[in-house]
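Quick mapping for you: the protein sequence lines, in order, are chains A, B, C, D and E. Each position in the first sequence, counted from 1, maps to that position plus 1 in my numbering. Each position in the second sequence, counted from 1, maps to that position plus 1 in my numbering. Each position in the third sequence, counted from 1, maps to that position plus 1 in my numbering. Each position in the fourth sequence, counted from 1, maps to that position plus 1 in my numbering. Each position in the fifth sequence, counted from 1, maps to that position plus 1 in my numbering.
Take the hints with a grain of salt, since some may be wrong.
The list makes no distinction among identical chains, and a pair is therefore deemed to hold if it is satisfied within one copy or across any two copies.
[Claimed, not checked] Derived lysine to any residue pairs resembling SDA-like cross-links, with alpha carbons at most 25 Å apart:
hint : residue 1 : residue 2
1    : Lys130    : Phe99
2    : Lys32     : Asp71
3    : Lys104    : Gly66
4    : Lys136    : Val33
5    : Lys136    : Gly150
6    : Lys107    : Asp53
7    : Lys130    : Arg153
8    : Lys107    : Arg143
9    : Lys107    : Lys136
10   : Lys26     : Leu128
11   : Lys32     : Gln73
12   : Lys32     : Lys104
13   : Lys130    : Ala103
14   : Lys72     : Lys104
15   : Lys26     : Lys104
16   : Lys26     : Lys72
17   : Lys3      : Asp71
18   : Lys72     : Glu132
19   : Lys107    : Thr140
20   : Lys130    : Asn115
21   : Lys32     : Asp53
Read the hints as simulated data drawn from the structure, not as lab findings.
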Amino acid sequence: MKRVGIVDTTFARYDMAGAAIDELKQLCNVKVERRTVPGIKDLPVEAKRLLDEGNDIVMAFGMPGAEPIDKQCAHEASLGLIMAQLLTNKHIIEVFVFADEAKSEKELAVLAENRAREHARNVYRLLFKPEELTKLAGTGQREGGPDAGPLRR
Amino acid sequence: MKRVGIVDTTFARYDMAGAAIDELKQLCNVKVERRTVPGIKDLPVEAKRLLDEGNDIVMAFGMPGAEPIDKQCAHEASLGLIMAQLLTNKHIIEVFVFADEAKSEKELAVLAENRAREHARNVYRLLFKPEELTKLAGTGQREGGPDAGPLRR
Amino acid sequence: MKRVGIVDTTFARYDMAGAAIDELKQLCNVKVERRTVPGIKDLPVEAKRLLDEGNDIVMAFGMPGAEPIDKQCAHEASLGLIMAQLLTNKHIIEVFVFADEAKSEKELAVLAENRAREHARNVYRLLFKPEELTKLAGTGQREGGPDAGPLRR
Amino acid sequence: MKRVGIVDTTFARYDMAGAAIDELKQLCNVKVERRTVPGIKDLPVEAKRLLDEGNDIVMAFGMPGAEPIDKQCAHEASLGLIMAQLLTNKHIIEVFVFADEAKSEKELAVLAENRAREHARNVYRLLFKPEELTKLAGTGQREGGPDAGPLRR
Amino acid sequence: MKRVGIVDTTFARYDMAGAAIDELKQLCNVKVERRTVPGIKDLPVEAKRLLDEGNDIVMAFGMPGAEPIDKQCAHEASLGLIMAQLLTNKHIIEVFVFADEAKSEKELAVLAENRAREHARNVYRLLFKPEELTKLAGTGQREGGPDAGPLRR
């Protein structure tokens, strides 16, 4: 059975991991292993450990704040997640929601829920249906909100 | 036969990979293997996997948005692509088109189509005609738009 | 017995390491090893050495200044700490307090003391009670100040 | 015989590599191997390949544009060149000229020519006369323009 | 006998390495090996070579200019120095003085001299008296200028 690692933070203000796990369970039969770390900069090593321990793919959830320093932290975490992938040759799907992406707390929660679920579908496709992703190539998909769609010529 | 890996995203709004594959097929006889990932930060590990599996070179296509955070994502993806190259000793030709590089959707689509095709020619040269690249050294080539040309003294 | 490495700087203006060690000693029975380096950019290699020498986790304390160049130094240190974790597969809990996070010296000292202690509790949980962290996942924890709490829908 | 690798781009608008090779040939007897890639982000892996294939040092030439995104590309290329050096334990002398370093095309061409030649002299010194570099330590050398000179106390 | 590697640049406008070596010689009996490279981006690989060749620690001296691009170069050099440390498990003490840190050339020269000497003392402590650094932990030490001191509560 395919194994999906999940790592999220106590810093985030929404249980995105829970939403993603629920979505995954509806889509396919996978073994899920979940870990939680304090903040987004703690995600890369925990994601790498999950991959080294045999998970086929990892989802990494984070919710950076709205200040410039939060953007910097997210940047560092993202680079770490990319390095962890290059060291393991496996995907880590980064699911970050920035505090300034929505106008209200409620809207932000909806965005977080939807993005988590849509990225769970991406994980499902990467594991079981890669040809579905290629059908969607260049079509302007956006996780959590309305798709941008393909460019009109 | 030389093998060319292709990786693109569902986030992009134009099928640059399709254009590049078409161009490559006109230029030379190569085996093409295509993969699609959700976004540009997923490109580095997929490109590395394609190289590790025996491809001689990879083209990585992405279309980052126009916001500062999109520039940051592109920066992270670019660093990952450079690291993947250093780990494999093979080229990954990054073909990124930024959403703010053109004034209209139509213009952006034309730019994407042309840049993809011109970089396919670069891949052809790197694989089969490296001396053609040296003839073009320092001549101000620009992929997808008018060349800048050499400096006039 | 679990071993916790501690590394801090002479540049910082508060003994955060002392506070964290005190907190750790109240929470659990661990062996603590402390090292001090001049500034935050010296933290990554010292943290890696502590991990290579057998410590199970490291806490890295720093107090960057308020200027743009200080933010850049903190960024470099953070990236180094993330790389050190990926090379050792162990956590380094970064405890940074920025000089511009508080309005007075007194407030900054209180923040540093509290953040150090709260992160010591994170270290305790990572070592002995990982399930407590998952109970806190997505709840908006903030180390050193009032928690943001979960988003209200 | 010492071997010097040369890598430049078709993006650049001046044949800096040609100038550097001419200068090197006047200074010493070395074997030169030249490669050309499309843009500056393609330099790191090609430089690494040249070093892995036995070159003692590499010169990497690039001419980034004047836009913020060009500065970002140069930053990525520079980091890649530094990583390539750390992986090979050999020097890569980066010779970048930014499009906004001069007021006219002519002035930019002169700067590019002179910087390439002065860095060729640095390569010569690194290979054959390291003690000459130490004599110049702290003297404010500037490649391609007037030297800043040592600070007056 | 402990061995200290020294690497500086011809770009810098003050002989910081000379000052540091003088200070080291007064403090302890160590073997010093000095190398000079053109600019700060050449420091990381030379520092790594000095460490690989058996030096116990390295001091890396640089004096970046005042322009944004100079800050970017310093950032790249700093990241390279951190990576070099992680690859060798040894300290590289970075001694950078920015051209805009002082109001006059004379003031800048004094700062460079003093910072070099104070960091030489840090090297001495790291090699022979690490417990002295821990006594100074959190006390707001500043190399080259007046110390900030510990925070008052």
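Consistency of the hints with the structure:
{"no.": "1", "hint": "Lys130 to Phe99", "verdict": "neither (29 Å within a copy, 28 Å between copies)"}
{"no.": "2", "hint": "Lys32 to Asp71", "verdict": "neither (33 Å within a copy, 33 Å between copies)"}
{"no.": "3", "hint": "Lys104 to Gly66", "verdict": "both (14 Å within a copy, 20 Å between copies)"}
{"no.": "4", "hint": "Lys136 to Val33", "verdict": "between (27 Å within a copy, 17 Å between copies)"}
{"no.": "5", "hint": "Lys136 to Gly150", "verdict": "within (13 Å within a copy, 38 Å between copies)"}
{"no.": "6", "hint": "Lys107 to Asp53", "verdict": "neither (37 Å within a copy, 44 Å between copies)"}
{"no.": "7", "hint": "Lys130 to Arg153", "verdict": "neither (27 Å within a copy, 35 Å between copies)"}
{"no.": "8", "hint": "Lys107 to Arg143", "verdict": "both (19 Å within a copy, 20 Å between copies)"}
{"no.": "9", "hint": "Lys107 to Lys136", "verdict": "between (33 Å within a copy, 22 Å between copies)"}
{"no.": "10", "hint": "Lys26 to Leu128", "verdict": "within (14 Å within a copy, 29 Å between copies)"}
{"no.": "11", "hint": "Lys32 to Gln73", "verdict": "neither (33 Å within a copy, 33 Å between copies)"}
{"no.": "12", "hint": "Lys32 to Lys104", "verdict": "neither (36 Å within a copy, 47 Å between copies)"}
{"no.": "13", "hint": "Lys130 to Ala103", "verdict": "neither (31 Å within a copy, 34 Å between copies)"}
{"no.": "14", "hint": "Lys72 to Lys104", "verdict": "both (18 Å within a copy, 22 Å between copies)"}
{"no.": "15", "hint": "Lys26 to Lys104", "verdict": "neither (31 Å within a copy, 43 Å between copies)"}
{"no.": "16", "hint": "Lys26 to Lys72", "verdict": "neither (32 Å within a copy, 34 Å between copies)"}
{"no.": "17", "hint": "Lys3 to Asp71", "verdict": "neither (34 Å within a copy, 32 Å between copies)"}
{"no.": "18", "hint": "Lys72 to Glu132", "verdict": "neither (34 Å within a copy, 28 Å between copies)"}
{"no.": "19", "hint": "Lys107 to Thr140", "verdict": "between (28 Å within a copy, 15 Å between copies)"}
{"no.": "20", "hint": "Lys130 to Asn115", "verdict": "within (21 Å within a copy, 30 Å between copies)"}
{"no.": "21", "hint": "Lys32 to Asp53", "verdict": "within (15 Å within a copy, 27 Å between copies)"}
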